[in-house]
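Visitor: For the record, the sequence lines run as chains U and E.
With the working numbering, letter number 387 in the first sequence gets 387, and the count goes up by one each step, no holes.
With the working numbering, letter number 207 in the second sequence gets 207, and the count goes up by one each step, no holes.
Hints listed in this document are in silico derivations from the structure and should not be mistaken for laboratory results.
Any given hint might turn out to be false.
[As the list claims (entries may be wrong)] Below 25 Å or equal to it, Euclidean Cα-Cα: the simulated DMTMM-like pairs (lysine to aspartate or glutamate) are:
| no. | chain 1 | residue 1 | chain 2 | residue 2 |
| --- | --- | --- | --- | --- |
| 1 | U | Lys327 | U | Glu282 |
| 2 | U | Lys327 | U | Glu354 |
| 3 | E | Lys5 | U | Asp3 |
| 4 | E | Lys5 | U | Asp182 |
| 5 | U | Lys327 | U | Glu294 |
| 6 | E | Lys5 | U | Glu133 |
| 7 | U | Lys357 | U | Glu289 |
| 8 | U | Lys268 | U | Asp231 |
| 9 | E | Lys121 | U | Glu49 |
| 10 | U | Lys131 | E | Asp250 |
| 11 | E | Lys121 | U | Glu294 |
| 12 | E | Lys121 | U | Glu354 |
| 13 | E | Lys121 | U | Glu316 |
| 14 | E | Lys121 | U | Asp177 |
| 15 | U | Lys357 | U | Glu316 |
| 16 | E | Lys121 | U | Glu289 |
| 17 | U | Lys137 | E | Glu34 |
| 18 | E | Lys121 | U | Glu183 |
| 19 | E | Lys5 | U | Asp198 |
| 20 | U | Lys131 | E | Glu82 |
| 21 | U | Lys195 | U | Asp231 |
| 22 | U | Lys131 | E | Asp28 |
| 23 | E | Lys121 | U | Asp231 |
| 24 | E | Lys5 | U | Asp177 |
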Amino acid sequence: MPDTLVKVEGVSKKFCRSLKRSLWYGLQDLGSEIVGHRHGDMDSLRPDEFWAVRNVSFELKRGECLGLVGRNGAGKTTLLRMLNGLIKPDAGRIEMHGRLGALIALGAGFNPILTGRENIYINASVLGLSKREVNEKIDEIIDFAELGEFIDTPVQNYSSGMQVRLGFAVATTLQTDVLLLDEVLAVGDVAFRSKCFDRIGKLINRCAVIFVSHDQTQISRICDFCLYLRDGVPQAFGQAYDVLSEYSKKNLKPAVSRSVVLHPTVTKFVCKPAVTHIHWGEMLHFVIEVDCSEDFKSGLALLALHDSEIPVAQAEFTQILNNSPKKNHEISVKLGPLHLKAGDYGLAVTILSENKKSTIIHAINCAIIHVKGRNGYGVCYQMPCSF
Amino acid sequence: MSDRKITIYTADSCLFSPALGLRGMFSDLVSGRELAWQLAVRDIRGQYRQAFFGMLWALIMPLASAITWIFLSASGIVALGETTVSYPFYAFTGTMLWTIFMEALNAPLQQVNGSRSLLTKLNFPREALILSGVYQVCFNASIKFALMLGALLMTGITPGWGLMLLPFALVALILVGTAIGLLITPVGVLYGDVGRVVPMLMQFVMFLTPVVFPIPKAGLAGALFRINPLTPLVHNARALLAGLPLLALDYYLAVMSVAVILLLLGWIIYRLAMPILIERMSA
Numbered sequence: 001m002p003d004t005l006v007k008v009e010g011v012s013k014k015f016c017r018s019l020k021r022s023l024w025y026g027l028q029d030l031g032s033e034i035v036g037h038r039h040g041d042m043d044s045l046r047p048d049e050f051w052a053v054r055n056v057s058f059e060l061k062r063g064e065c066l067g068l069v070g071r072n073g074a075g076k077t078t079l080l081r082m083l084n085g086l087i088k089p090d091a092g093r094i095e096m097h098g099r100l101g102a103l104i105a106l107g108a109g110f111n112p113i114l115t116g117r118e119n120i121y122i123n124a125s126v127l128g129l130s131k132r133e134v135n136e137k138i139d140e141i142i143d144f145a146e147l148g149e150f151i152d153t154p155v156q157n158y159s160s161g162m163q164v165r166l167g168f169a170v171a172t173t174l175q176t177d178v179l180l181l182d183e184v185l186a187v188g189d190v191a192f193r194s195k196c197f198d199r200i201g202k203l204i205n206r207c208a209v210i211f212v213s214h215d216q217t218q219i220s221r222i223c224d225f226c227l228y229l230r231d232g233v234p235q236a237f238g239q240a241y242d243v244l245s246e247y248s249k250k251n252l253k254p255a256v257s258r259s260v261v262l263h264p265t266v267t268k269f270v271c272k273p274a275v276t277h278i279h280w281g282e283m284l285h286f287v288i289e290v291d292c293s294e295d296f297k298s299g300l301a302l303l304a305l306h307d308s309e310i311p312v313a314q315a316e317f318t319q320i321l322n323n324s325p326k327k328n329h330e331i332s333v334k335l336g337p338l339h340l341k342a343g344d345y346g347l348a349v350t351i352l353s354e355n356k357k358s359t360i361i362h363a364i365n366c367a368i369i370h371v372k373g374r375n376g377y378g379v380c381y382q383m384p385c386s387f
Numbered sequence: 001m002s003d004r005k006i007t008i009y010t011a012d013s014c015l016f017s018p019a020l021g022l023r024g025m026f027s028d029l030v031s032g033r034e035l036a037w038q039l040a041v042r043d044i045r046g047q048y049r050q051a052f053f054g055m056l057w058a059l060i061m062p063l064a065s066a067i068t069w070i071f072l073s074a075s076g077i078v079a080l081g082e083t084t085v086s087y088p089f090y091a092f093t094g095t096m097l098w099t100i101f102m103e104a105l106n107a108p109l110q111q112v113n114g115s116r117s118l119l120t121k122l123n124f125p126r127e128a129l130i131l132s133g134v135y136q137v138c139f140n141a142s143i144k145f146a147l148m149l150g151a152l153l154m155t156g157i158t159p160g161w162g163l164m165l166l167p168f169a170l171v172a173l174i175l176v177g178t179a180i181g182l183l184i185t186p187v188g189v190l191y192g193d194v195g196r197v198v199p200m201l202m203q204f205v206m207f208l209t210p211v212v213f214p215i216p217k218a219g220l221a222g223a224l225f226r227i228n229p230l231t232p233l234v235h236n237a238r239a240l241l242a243g244l245p246l247l248a249l250d251y252y253l254a255v256m257s258v259a260v261i262l263l264l265l266g267w268i269i270y271r272l273a274m275p276i277l278i279e280r281m282s283a
């Protein structure tokens, strides 16, 4: 029977922008804590303070996974640190049942001079594993980290990949009821990453998981629910797919994130698709106009479609620019067929100078393309297939 | 599943539920013991493994500071009063005892500052850091204890039965040092000023403690020596070693009792302070 493992009710946290003030407030909080007052005044902000997390509530049962999404500084990590018990909320209540684990700082407490084997005991101890538990599992850890005879070598002689592999192997040994994941799902090279995913998959079935990531594919893959934070305030909470599309919509608003960088010699740049709403598998037609005060050649010219921040498809058009170096270009583009999952995509144009060292044009989200049709799951490119 | 641990975090001060707080303190101390041991072993091993002389450094450092004072006295640069035992022995044991005290006093703040990256990312019993510091101080103290026994043999003094009590006197030094160190830790983590003021202040206090100077017979200095709570700590430890009469036994015991109370108080404050400090560490 699924039981509730995490209960978060109206949790808020305030932070201070100025360091000097922050330290002084820290001293005041310390004083009021010692005389037994509440930690900070509930609803008032002192000068220079702001809400890093504001009024967040949710519940999570065993076997469920919650994804936290939001831009940098939206309060995701702060919320995670409150759940972890590192810092106290300024308002609200957090209830955690059972053993808590966090895949946040891999290899925490490693001393580079000591050997891998010695560091396993230290790291495991920091994470809350007893020496007896480690003794039982040490062979499994060494085996998983693929360290072999290097295990008795000082950690400072390890490659960075070996260090995170060892850290990952130790951290995922812990049997927890609640698991916090901050971006870390897999480490190392491609072969090792698939092992990591396998291990994480086994872990998250047994516990309640809270996962912070910017990778929407990963979130949609492992999360049941999502919470979208913006400036600490919850914007949307619900099924992962719904929240993620809401988040993508908010983050692809051309008015907000359209950015165009032009070289001083560029006098005109237009990129306007005739149609911005297309269906899965259709072509996208548009014209790019570039006027320059002097003839130019390009080393690399790219068209790309972005899903939030991540490019999902690109096409090169260097050749067409360089066929005839001139000041004014008017290029008619037929892009596609676009076999992309339903969603909004930002069109980006990049033209680099001949030696590729300077930018002639770098335009992000110069148009938003709405693709309809397949409610894709996972990767953006949805191949056509027949049976 | 019914015995599953439930953890609750709210904005309230933990002082609202003292019973729960006390239970938490001791259960964390117990569960942090192993971690403390691991951290202490890590730090001690790490310290000496990358040195050619390795563990010898644990002997070299205290010897060097004692030799400085013996030289200053023998050459007449510093004029000192009469001591009941030979001055080199007096200065040597004094510096040893004082170093034990200072290490204990510095350990809590040092441990917390050195573990900032751990503290801001992982939740582990915070007591483990303090305990790990105490373990390391004890390790160093046992080396100094052996050195002092060596010095005793060289001077040819016949120790009395009091020698058996010397470990307790060393524990008392560590106890008082840790209590003071723990009390200044919360503010010290916030403000670097504390880390600068303390060595300065302690340098001054050292000259009011029978470390390298004997206790003056009279005058203002004599009074200050007698008021200084560290005086019986250092003096009596040395007295036990050399079989000399103990000084102000009632004051000695009072200092220790106060230190125990301060240690408990410092521990409570440290626990309450930790979330606030961690918040400011990464702010």
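Visitor: For every hint, state whether the structure bears it out.
Guide: A quick look at each hint next to the structure:
For the hint linking U/Lys327 to U/Glu282, the alpha-carbon distance of about 32 Å lies beyond 25 Å, and the restraint is violated. The straight-line distance between the Cα atoms of U/Lys327 and U/Glu354 is roughly 15 Å, inside the 25 Å bound, and the hint therefore holds. Annotation: proposed proximity of E/Lys5 to U/Asp3 holds, straight-line Cα distance about 14 Å (limit 25 Å). Between the alpha carbons of E/Lys5 and U/Asp182 the distance comes to roughly 24 Å, so the proposed pair stays at or under 25 Å and holds.
For the hint linking U/Lys327 to U/Glu294, the alpha-carbon distance of about 5 Å falls within 25 Å, and the restraint holds. Simply put, E/Lys5 and U/Glu133 have alpha-carbon atoms about 19 Å apart, close enough for the 25 Å limit, and the pair holds. Taken as a hint, the U/Lys357 and U/Glu289 pair is honoured in the structure, with Cα atoms around 22 Å apart against an allowance of 25 Å. Between U/Lys268 and U/Asp231, the direct Cα distance comes to roughly 36 Å. Violation of the 25 Å bound is thereby established for this hinted pair.
Using a Cα cut-off of 25 Å, the hinted pair E/Lys121 and U/Glu49 holds, with the two alpha carbons roughly 23 Å apart. A threshold of 25 Å between alpha carbons decides the hint, and for U/Lys131 with E/Asp250 the separation of about 44 Å lies outside it, so the pair is violated. At most 25 Å may separate the alpha-carbon atoms for a hinted pair to count; E/Lys121 and U/Glu294 exceed this at roughly 54 Å. At most 25 Å may separate the alpha-carbon atoms for a hinted pair to count; E/Lys121 and U/Glu354 exceed this at roughly 46 Å.
The hinted pair formed by E/Lys121 and U/Glu316 fails the criterion: a straight-line CA distance of about 43 Å is larger than 25 Å. In summary, the hint linking E/Lys121 to U/Asp177 is supported, as the alpha carbons are separated by about 19 Å, within the 25 Å threshold. Using a Cα cut-off of 25 Å, the hinted pair U/Lys357 and U/Glu316 holds, with the two alpha carbons roughly 17 Å apart. Note on E/Lys121 and U/Glu289: the hinted pairing is violated, with a Cα-Cα distance of about 51 Å set against a maximum of 25 Å.
The hinted pair formed by U/Lys137 and E/Glu34 meets the criterion: a straight-line CA distance of about 17 Å does not exceed 25 Å. Taking the CA atoms of E/Lys121 and U/Glu183, the gap is about 14 Å. The hint holds against a cut of 25 Å. Among the hinted pairs, E/Lys5 with U/Asp198 is inconsistent with the structure: their alpha-carbon atoms are about 28 Å apart, more than 25 Å. About 54 Å separates the Cα atoms of U/Lys131 and E/Glu82, which puts this hinted pair outside 25 Å; it is violated.
Pair hint U/Lys195 plus U/Asp231 does not hold up; C-alpha atoms about 35 Å apart against a cutoff of 25 Å. Of the pairs offered as hints, the one joining U/Lys131 and E/Asp28 holds, with about 17 Å between alpha carbons and a cut-off of 25 Å not exceeded. Of the supplied pair hints, the one linking E/Lys121 and U/Asp231 holds, its CA atoms being roughly 22 Å apart against a limit of 25 Å. Between the alpha carbons of E/Lys5 and U/Asp177 the distance comes to roughly 10 Å, so the proposed pair stays at or under 25 Å and holds.
Violated hints, listed in ascending order, are 1, 8, 10, 11, 12, 13, 16, 19, 20 and 21; each of the other numbered hints is respected by the structure.
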